[in-house]
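Colleague: Model the full assembly from the supplied sequences, consistent with the hints where possible.
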Amino acid sequence: MTELRLVESAPELRLAAVETTLPSPLPRGHHGLPADLVRAAQRQRLLEAAAAALAEQGYGRVTAARVTELAGVSSRTFYQHFEDLWACLLAAYEVEAARLCKEIERAAEAAGDGEPEIAGDGAVGGRRGRAGDATAGAGRERARAGIAAALAFLAAEPAPARLLSAEPPPQVAALAAARRDLVDRLGTMLRSILQPGGATPLPGLERRLIGAALALVSSRAAEGDPQRLRDLEPELTQILLATL
Amino acid sequence: MPSDALSARQAIASQNGGPSDDEVREGAMEGALIAAGEVGYREASVRTILEHSGGHRAQFYRHFENKEDCFAQAYAAWVERLCVDLLEAAAGATAWEAGVRGALVELFRFVDERPAIARALFVEVQIAGEPALARHEAMVDRAAAALDAARVEIEPNLEPPEATGVFVVGGIEACVCEALSAGDPGRVWDALPELMHLTVGSYFGREAAEAAFEAAGALLERERAGAGGEGEER
Numbered sequence: 001m002t003e004l005r006l007v008e009s010a011p012e013l014r015l016a017a018v019e020t021t022l023p024s025p026l027p028r029g030h031h032g033l034p035a036d037l038v039r040a041a042q043r044q045r046l047l048e049a050a051a052a053a054l055a056e057q058g059y060g061r062v063t064a065a066r067v068t069e070l071a072g073v074s075s076r077t078f079y080q081h082f083e084d085l086w087a088c089l090l091a092a093y094e095v096e097a098a099r100l101c102k103e104i105e106r107a108a109e110a111a112g113d114g115e116p117e118i119a120g121d122g123a124v125g126g127r128r129g130r131a132g133d134a135t136a137g138a139g140r141e142r143a144r145a146g147i148a149a150a151l152a153f154l155a156a157e158p159a160p161a162r163l164l165s166a167e168p169p170p171q172v173a174a175l176a177a178a179r180r181d182l183v184d185r186l187g188t189m190l191r192s193i194l195q196p197g198g199a200t201p202l203p204g205l206e207r208r209l210i211g212a213a214l215a216l217v218s219s220r221a222a223e224g225d226p227q228r229l230r231d232l233e234p235e236l237t238q239i240l241l242a243t244l
Numbered sequence: 245m246p247s248d249a250l251s252a253r254q255a256i257a258s259q260n261g262g263p264s265d266d267e268v269r270e271g272a273m274e275g276a277l278i279a280a281g282e283v284g285y286r287e288a289s290v291r292t293i294l295e296h297s298g299g300h301r302a303q304f305y306r307h308f309e310n311k312e313d314c315f316a317q318a319y320a321a322w323v324e325r326l327c328v329d330l331l332e333a334a335a336g337a338t339a340w341e342a343g344v345r346g347a348l349v350e351l352f353r354f355v356d357e358r359p360a361i362a363r364a365l366f367v368e369v370q371i372a373g374e375p376a377l378a379r380h381e382a383m384v385d386r387a388a389a390a391l392d393a394a395r396v397e398i399e400p401n402l403e404p405p406e407a408t409g410v411f412v413v414g415g416i417e418a419c420v421c422e423a424l425s426a427g428d429p430g431r432v433w434d435a436l437p438e439l440m441h442l443t444v445g446s447y448f449g450r451e452a453a454e455a456a457f458e459a460a461g462a463l464l465e466r467e468r469a470g471a472g473g474e475g476e477e478r
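Protein chains in written order, with this note's numbering: chain S, 1 to 244; chain H, 245 to 478.
The hints are simulated quantities; they were obtained by calculation from the structure and are not laboratory data.
Errors might be hidden in some of the hints.
To be verified - Only some residues are given here: those of chain S computed to face chain H with a beta carbon under 10 Å:
{"#": "1", "residue": "61"}
{"#": "2", "residue": "169"}
{"#": "3", "residue": "205"}
{"#": "4", "residue": "216"}
{"#": "5", "residue": "227"}
{"#": "6", "residue": "230"}
{"#": "7", "residue": "234"}
{"#": "8", "residue": "236"}
As the list claims (entries may be wrong) - Calculated Cβ distances over 10 Å to all of chain H for the following chain S residues:
{"#": "9", "residue": "40"}
{"#": "10", "residue": "43"}
{"#": "11", "residue": "97"}
{"#": "12", "residue": "106"}
{"#": "13", "residue": "112"}
{"#": "14", "residue": "135"}
{"#": "15", "residue": "136"}
{"#": "16", "residue": "156"}
{"#": "17", "residue": "181"}
{"#": "18", "residue": "195"}
Note that the Cβ used here is the ideal one computed from N, Cα and C, for glycine as well.
Modeller: Right, here's the structure in full:
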């Protein structure tokens, strides 16, 4: 049985999904822990449990009861933190979307600090044969690093991967809006990583490309093999950059 | 129930003006898609399906195990019809790019004319459980294989990655989902030039993508002006 166990890792308190039958993340009763720490830990557990429950049951079947069960908290505690299941999933979505974007930005910046591995012809895939300069090559290397970081993040964390790549029910307007926001943000990031300060010739194109990339990632993630997701990097980089 | 008794019941039902079992089956499948498209898969129930299709619960359960099974069977039947229509639209063109454009136009017409069914096929299928999802994956692979016909026009050393077809199909689906989720299926037409850019560019690169974008934009303008048609082949 998969349970969630509280683990600490600097700089923030995080939870990891681990194979265990340990019943409870925090000691029950009078444990002397500050109330705000307990509350923060509960919220964090609920967010992670929401992603895990979604990965397990999908949007069609996921329930608040399953989230509380995985988090090891009571139903009462759940509703102290969230109005309903969708509010909990939305909060989880926003946290994981922010983490994904941060990973991409960090990797792209790090790639930009060093010598570009690919420069000169400006074609990561080498297919177009279009002449480019070192700046374009550096932009493409930053994009490659960002894509690799995104795939590594999603491969390492299957539950958030499912949460971020699955199409949410349109009836849950806030979740659908969060999804649109993520697509917009990733599209803007892709453009700015490639050409810092550059104009976008086709404003909608990046959104279409990101939508396609998320669908491809979702399909690959559903296979259940994290390495297959990581292995997607060269292909996804080549396809994404073919038209930009 | 013995099959002859069942047939007798069907005959009696037909004589009484009620729907036969086969009609119930077909109607329930369409009803499942319409109900899911209108109120969402989670909210749709056997009751709401029967409100659309007619018939009674006993007839429904003779054909389907439950709502999930009904949706999965309905998805398979309707997506097969849609695939045939799209492939026929593409086959009517003389070149790959025009075929893709023709298939997209056919798809957008379907989305525009049957938004509830389209919403079920493209949006609600994502949450409708494993049986429907497995059929969806098969549909994606089939559409990707059809798009891969482009490879015969590309030199082997310049061929795009293997995942290109699935990527493009995903991009088209995401675009359709976006319009349907926003409750504005007609706006899917606005994306035709961008989707042609994405599709052609993913196989043939930026230069071809830009030309496809321009051609699709011009086609849209002609269609909207009521003066053109899908007659020109590149």
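Colleague: Is residue 156 of chain S truly not at the interface, in the sense that its beta carbon sits beyond 10 Å from all beta carbons of chain H?
Modeller: 21 Å, holds
Colleague: Take a quick look at residue 135 of chain S and tell me if its Cβ sits farther than 10 Å from every Cβ on chain H, holds or violated.
Modeller: Nearest chain H Cβ is 17 Å from residue 135 of chain S, so the label holds.
Colleague: Taking the closest pair, is the beta carbon of residue 43 of chain S still more than 10 Å from chain H?
Modeller: 25 Å, holds
Colleague: Does the interface hint hold: is residue 230 of chain S within less than 10 Å of chain H, judged Cβ to Cβ?
Modeller: 14 Å, violated
Colleague: Do the numbers back the hint for residue 169 of chain S, that is, is its least Cβ distance to chain H under 10 Å?
Modeller: Holds. Min distance 6 Å.
Colleague: Should the interface hint for residue 61 of chain S be scored as holding, given a Cβ-Cβ cut-off of 10 Å against chain H?
Modeller: 7 Å, holds
Colleague: Minimum Cβ distance from residue 205 of chain S to chain H below 10 Å?
Modeller: Status holds, d = 6 Å.
Colleague: Would the least Cβ to Cβ distance between residue 97 of chain S and chain H come out above 10 Å?
Modeller: 16 Å, holds
Colleague: Does residue 40 of chain S clear chain H by more than 10 Å, comparing its Cβ with all Cβ atoms of that chain?
Modeller: 31 Å, holds
Colleague: Does the CB of residue 216 of chain S sit less than 10 Å away from some CB of chain H?
Modeller: 5 Å, holds
Colleague: Classify the label on residue 112 of chain S as holds or violated, using whether its beta-carbon is more than 10 Å from each beta-carbon of chain H.
Modeller: 23 Å, holds
Colleague: Would you settle whether the hint for residue 227 of chain S is holds or violated, based on the nearest Cβ-Cβ distance to chain H being less than 10 Å?
Modeller: Violated, because the Cβ-Cβ distance from residue 227 of chain S to chain H comes to roughly 15 Å (cut-off 10 Å).
In the structure shown, a violation is registered for the earlier hints numbered 5 and 6, in ascending order.
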